[in-house]
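For reference, the chains in residue letters:
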Amino acid sequence: MHMADALISPAVGATMWAGSLAVLGYSSRKIRETIDNKTIPLMGVMGAFIFAAQMINFTIPGTGSSGHLGGGMILAALLGPYAAFVVVASVLTVQALFFADGGLLALGCNVWNLGLYPCFIGYYLIYKPIAGDGGNYRRIFIASLLSVIVALQFGAFSVVLETILSGKSELPFHTFVLLMQPIHLAIGLVEGIVTAGILSYVKNARPEILDTGAVSRPPAAGLPCKNILIVFVVLAVLTGGVLSWFASTSPDGLEWSIEKVTGKGELAEQEKGIAPVLKEIQEKTAFLPDYNFKQAHKEKPETEKVPAWPGIDTGTSVSGVVGGGIVLGIVFLIGYGIRIFKRQ
Amino acid sequence: MAFDSQYYNVGYLDRLSYQDTFVHRLDPRTKLITTLLFLFTVISFSKYEVAALFPFLLFPAIFLTVGEIPPGFILKKVLLVSPFAIFIGIFNPLLDHGQVAILPGLTLPAGWLSFASILLKFFLTVSMALLLIATTSFPTICHALRRLGLPSIFVSQLLFLYRYIFVLGEEVMRIVRARDMRSYGRKGTEIKVFVRIAGVLFLRTVERAERIYFAMLARGYEGDMPVSKKYHLTTSDLAFALSVIVCLFIFRCYPVTQIIGNFFRGIFS
Amino acid sequence: MSHHIVEFKDVCFRYPDGTEALHNLSFRIIHGESVGIIGANGSGKSTLLLHMNGYLMPTGGTVNIGDLHLTRKTRREIRKKVGIVFQNPDDQLFMPTVYDDVAFGPQNLGMDEEDVQKRVRAALDLVNCYDLINKPPHHLSNGQKSAVAIAAVMAMEPDILAMDEPAANLDPKSRRLLINLLKTFEHSKIIASHDLDLIFDVCKRCIIIREGTVAADGPSQDILTNKILLEENNLELPLSLQRR
Ligand SMILES: Nc1ncnc2c1ncn2[C@@H]1O[C@H](COP(=O)(O)OP(=O)(O)OP(=O)(O)O)[C@@H](O)[C@H]1O
Ligand SMILES: [Mg+2]
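Sequence order for the protein chains is A, B and C.
Numbering follows this note's numbering, in which position 225 of the first sequence is assigned residue number 225; successive positions increment by one, without gaps.
Numbering follows this note's numbering, in which position 1 of the second sequence is assigned residue number 1001; successive positions increment by one, without gaps.
Numbering follows this note's numbering, in which position 50 of the third sequence is assigned residue number 2050; successive positions increment by one, without gaps.
The following block holds chain A by itself, in its conformation from the complex (with noise of 0.2 angstroms):
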């Protein structure tokens, strides 16, 4: 599932993205040093193979709903966890852009949740071990279905940190893991023994492609497996410790940063740089005396019954209704006039 950017907070994208970038930076160190040249074309026709597969959806037998492939794992089981992790990372990009799935700000959360999971947990722990290399059919499918399951635990319920720390929904932490695990868990079911089928039909029909052959991949053996685990718990831990602490600054990072800057809020009282001036220019851009953003703390009406919100209260809220009719209108009136003006 999708992240969206309408569901995350501006610290939650930040880390995220600074997450997935570092896990993108280093494994394409990686695959420079341990791939060759042809795997660079096939990596990048397999990104378009996993986004046209995932255009075709099939109906999920006795459900009457459909699903999608995932795809990471395929991936992965082809072209190794790091060349995967690039390519998944790719295709999420592009279906940001042209399918607006999820979203721009979103996509770090989207690639570390689908990208991250698959490639390095999934594979590493579970795939290759299990499937050993090219394995029998047996264990090639077992190999798939636990690896896509786990995998995509792991993304749901990163899903469901990433939208607690953003603060935007009020579903509390445990409905919401309730909700989204057993979901992700008939997904993932489906999603597996479709990987499997994939991965039987091919090691069918090319068994080289699967085995050793086709591809060069990062050796298996030797120190990944080690490397990887502490390069996770690292960034784990790192990504833990900034979002807990942006979580814990109210009302989140940015929105205090921007206080700080503009002079609003506790800091108003701080008359220091730039901050008089543009309380100035806000005093003489409102355009009413009793405008309410003045009033707001200095004394407390009314609204000291309703729970406070930031910025809600009776008068700006009739001002916000007002106001928001007519800037919509003024932008209606702005696109349709440039329309015109393009026409002549």
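Take the hints with a grain of salt, since some may be wrong.
Unchecked claim - List time: in silico PhoX-like cross-link candidates among lysine-lysine, alpha-carbon distance up to 20 angstroms:
1. C/Lys2227 - C/Lys2204
2. C/Lys2227 - A/Lys38
3. C/Lys2204 - C/Lys2183
4. C/Lys2204 - A/Lys38
These are computed hints drawn from the structure, not numbers from a lab.
As the structure is a computational prediction, the values presented were derived from the model and not from experiment.
Since the structure of chain A is provided, determine the placement of chains B and C with the ligands on it from the hints.
Chains B and C with the ligands alone, transformed into the frame defined by chain A:
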């Protein structure tokens, strides 16, 4: 959605991005960065903020009209796009029971306000992302990303991906049509059939990658994708970026909607 | 000018799945010759062309290009001399715009941006496609794709040109243009095609491949007029000769 309509949508959006208007001609870096700033500003509003978001509609309106993008198309895409935000947001009215007075005599549960805020943010972010791609051809976005320092391997992935979406799209279309022709009216793709289609497509893709690799070698490829096309920031880019930033700043820091609302209330009372 | 010679000596090739696509295939092409390769579907034409550049390495026998013997070491040198236009233009146009694609080769040769632009322009002019320069390949018709694919190879200025079905998607006028273009290319050229009229027009010499080996080799005048020989190989007389 059926495969064809999704695929045609991508194609249509792609075609729009090759038009030649003021917005299309802007440097892709300018558009990318201002769009990101826009998105950040929009989602930085607190969860109950609705009114202050209205002025931001100006940006999609300008992109739509100056960029000559059909508004109906974008609107339809926004409505169709992932219902996830609505799915999550709809719980707010159910769970957040505090009352807020909107107009004299009209109070609403606060949850509806935060839901409206999510929807509005959703509309703004999704439509701007779509408008970015509708006014900036994908290859130029990739060049911008490269110039902004993303790993070259990632950017070449994007370029390949973009190029072959359309080739594989046609291929899937042929496969799906061939399937439909022989499925005698049965609707939908069963998992078994899907696995086979995807498997065939997978193998063909691997073989295609091999041929592409040959073609690249034939033209001197030795592991590095050449970077071409230098873009130069022009004065119109700077002017554009500056005005966007100023607008964003004003809309973010001053309650423009309230001010206008107050102004008109002042006139009429 | 020994460096434009193409020589296959007893070349055998077996695909990994066991298909023996080439079997004891031998021929020698000297500088400036234009040779048509014809034969039934699956006779091994494409496989043969893939050997000219070392994409496939013979499992038996030898390939010499100019004074270079084809090995894994020399194939990079060889690729600079031999330009191959493949059967499917979609696989050949892998860059996101026509300009980027045609420029790919010259850029890899290490030329500076200005020279690259000149080359791109010249190559696209050659195939009459300069207008398409900023389009993405998926906005082109199949014929335009073929033309641009040819331009992309021509931009490398190869000594030897090899083509697999170059006229497959072209309309009659573009096909005529291509034929004229090929006639002006004075270095060695090797064209695999089912379009026997094109071969008859462009190539002085003709080689028929059957089941991976040379079934006939001689002047086009003789081979393409030999009805019995052609029909043995799933081919028929060029249309221009049928009418007589
Ligand atoms: N990748 C491959 N793997 C296995 N066998 C192959 C492969 N490519 C081609 N072959 C086989 O090799 C033989 C020669 O094929 P090739 O493509 O060279 O024929 P062709 O003369 O180019 O045919 P056409 O006129 O149809 O293009 C055929 O029997 C074909 O089935
Ligand atoms: Mg062929």
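| message | Check whether the Cα positions of C/Lys2204 and A/Lys38 lie no farther apart than 20 angstroms. | response | violated, 37 angstroms
| message | Holds or violated: C/Lys2227 and A/Lys38, Cα atoms, limit 20 angstroms. | response | Violated, because 45 angstroms separates the two Cα atoms, which is more than 20 angstroms.
| query | Is C/Lys2227 within 20 angstroms of C/Lys2204, Cα to Cα? | reply | Holds - the C-alpha atoms of C/Lys2204 and C/Lys2227 are around 18 angstroms apart, at most 20 angstroms.
| task | Quickly compare the C-alpha distance for C/Lys2204 and C/Lys2183 to 20 angstroms and report which way the hint goes. | result | Holds: C/Lys2204 and C/Lys2183 sit about 11 angstroms apart, inside 20 angstroms.
The earlier numbered hints that this structure contradicts are 2 and 4.
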